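The lines below spell out each chain.
Protein chains: 2
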Amino acid sequence: VLALSFDGDALRLARDQPEPTAGPGEAVVAVLRAGICSTDVEITRGYLGFRGTPGHEWVGRVIAAPDAPALVGTRVVGEINYACGRCTMCTAGMDRHCPTRRVCGIVGADGAFAERLCIPAAQLHRVPDDVPDRAAVFVEPLAAAFAVLEQVPDVAGRRAIILGDGKLGILVAQVLRAAGADVLLSGRHARKLDVARSLGVTVGTPLAGADLVVDASGSPDGLATAVALARPRGIVVMKTTVAAEHRLDLAPAVVNEVSLVGSRCGRFAPAIAALAAGRVAVEPLIDAEYPLADGLAAFERARTRGVLKVLLAVSR
Amino acid sequence: VLALSFDGDALRLARDQPEPTAGPGEAVVAVLRAGICSTDVEITRGYLGFRGTPGHEWVGRVIAAPDAPALVGTRVVGEINYACGRCTMCTAGMDRHCPTRRVCGIVGADGAFAERLCIPAAQLHRVPDDVPDRAAVFVEPLAAAFAVLEQVPDVAGRRAIILGDGKLGILVAQVLRAAGADVLLSGRHARKLDVARSLGVTVGTPLAGADLVVDASGSPDGLATAVALARPRGIVVMKTTVAAEHRLDLAPAVVNEVSLVGSRCGRFAPAIAALAAGRVAVEPLIDAEYPLADGLAAFERARTRGVLKVLLAVSR
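First to last, the sequence lines map onto chains A and B.
Using the working numbering, the letters of the first sequence correspond one by one to residues 1 to 316.
Using the working numbering, the letters of the second sequence correspond one by one to residues 1 to 316.
Check each hint, because a few of them may be wrong.
[What the hints assert, rightly or not] Interface residues of chain A toward chain B, partial, derived using beta-carbon atoms under 8 Å:
1) M94
2) N256
3) R264
It should be emphasised that the hints constitute simulated quantities derived from the structure, not laboratory data.
The structure presented is a predicted model; accordingly, all values stated were derived computationally and were not measured.
Built from N, CA and C at the ideal position, the CB exists for glycine as well.
Take these sequences, add in the hints, and give me the full structure.
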């Protein structure tokens with residue numbers, strides 16, 4: 001089958017990857033569409049030392065599931081952390097932090113930039129018929145945006161600032177607004193800010209004193225800015241994983257007793273429900289779609305400054 | 001009256017400071033004893049640009065209080081943040097974060113390294129008779145240790161690591177242990193670790209996976225160590241205000257969804273109650289006591305590596 005593959009040196013198009021077969025508890029999915037995430041771009045630069053097929057944002061159709069035959073033929077998305085299910089973290093309900101987890105297309109498991117994906121069937125969620133493929137492919141990043149609500153309860157009526165006009169920033173802005181927060185998004189790209197505005201997100205220059213600041217800037221400077229914008233005892237959600245070191249003076253965070261909350265992945269269910277109910281719009285975030293065979297060009301496009309989401313159309 | 005005074009250049013002993021008089025709502029206190037804090041040492045190096053008499057850890061006897069005559073003659077300690085009482089922060093119960101606050105001996109208000117201290121009477125707390133002066137002088141730093149319990153509820157049964165064998169670290173260790181946490185203190189000074197051990201605090205080399213890590217190391221490296229020791233979704237309490245920049249990679253905090261909580265001052269009431277009940281011991285933390293007239297020598301001693309608390313005996 002056709003797949004993109006990273007060998008530690010370069011991303012290549014592999015035309016003759018073996019057809020995967022489903023082991024115990026596994027399913028094989030025909031990928032319909034997949035999204036290229038900034039993490040995928042980082043992976044092609046060596047992030048986490050991943051080798052194989054990247055891709056963790058996808059929608060597909062189940063073509064084999066020996067232990068879950070009812071799934072065959074259904075359209076699905078998949079949670080990306082494949083946990084052991086038995087360790088302390090897993091039994092405490094924190095399977096996304098299982099120390100021996102594999103992560104789809106990121107750690108120890110091939111991902112979705114391929115015609116076929118093999119995945120533990122327990123990871124799969126059915127996609128409602130009224131959520132099109134081009135929206136379903138956003139379930140994973142949207143779940144990461146919803147994670148903010150898991151970690152910061154009671155955002156209704158709070159003043160929230162989102163730093164960063166990228167895909168994640170715009171998703172977080174929509175999620176917080178839908179939850180009743182008073183949201184302002186701050187960014188540096190005129191075109192991305194236009195997209196945010198078109199989605200009804202308030203855009204502008206933030207003033208200090210916010211209850212909640214989400215750093216989705218992707219920049220090493222974002223965190224210091226976020227801390228400066230938070231009110232005393234306010235909350236900063238850290239959504240940025242920068243490969244470089246942060247250099248910042250955290251004394252203001254101590255003096256103002258600000259909480260900095262690391263935030264990564266979220267549950268899929270609220271994201272699927274929000275897309276089905278139309279509470280979050282994602283179509284305006286899509287800048288381009290390429291067939292999988294043009295995947296290298298798609299990555300070039302995704303690496304370009306100012307570009308939002310680039311999709312791969314894999315099969316129908 | 002006699003006072004230590006910092007003029008921006010050096011700490012000096014001033015023998016002829018004017019006797020303060022109590023304005024509306026104020027009290028004048030005869031300082032009995034005062035403690036030298038690391039912040040005081042930082043102030044003599046230029047921290048926060050403070051000018052005047054430092055000293056925010058003290059116990060004294062009220063000698064004048066025109067608007068609160070019942071206080072005269074009582075033995076008291078004083079909360080250090082003098083808030084406006086009217087702004088958004090104050091009315092939200094966060095007076096310690098009042099943006100126009102003065103802070104005793106730290107920001108805009110003379111402190112307690114003097115024979116007399118003038119302070120808003122509302123800041124004062126009576127000291128129970130069974131708490132001696134040498135213990136009462138620890139109310140302020142002990143309140144800062146209790147702040148951890150305000151910010152991290154439910155420490156009972158949790159595995160907690162304290163980084164730093166200084167005064168604050170040893171106080172935090174005692175507070176967390178009294179609250180039912182499973183505490184390990186980590187430090188680098190054999191003698192200070194002996195003091196901690198003598199107080200029943202478990203001392204050793206920490207293993208990763210702690211529910212709670214308190215960085216009281218006073219070192220720019222402490223925070224990265226603390227993040228590495230916290231379990232996924234664990235909490236790091238930042239007690240260190242380092243003048244220098246931190247250099248750290250916060251990606252592990254994001255991936256592990258660790259919360260970093262800035263923590264500064266705390267309420268006095270639980271600290272006074274703990275000292276009165278003997279739940280926290282402070283006498284072993286005292287390394288030396290100097291008369292105020294030898295205050296410069298006391299500061300020299302307080303600056304010495306490996307020294308715990310140095311007290312000033314001001315009057316009787």
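Subject >> Hint check, failures only >> reply: none
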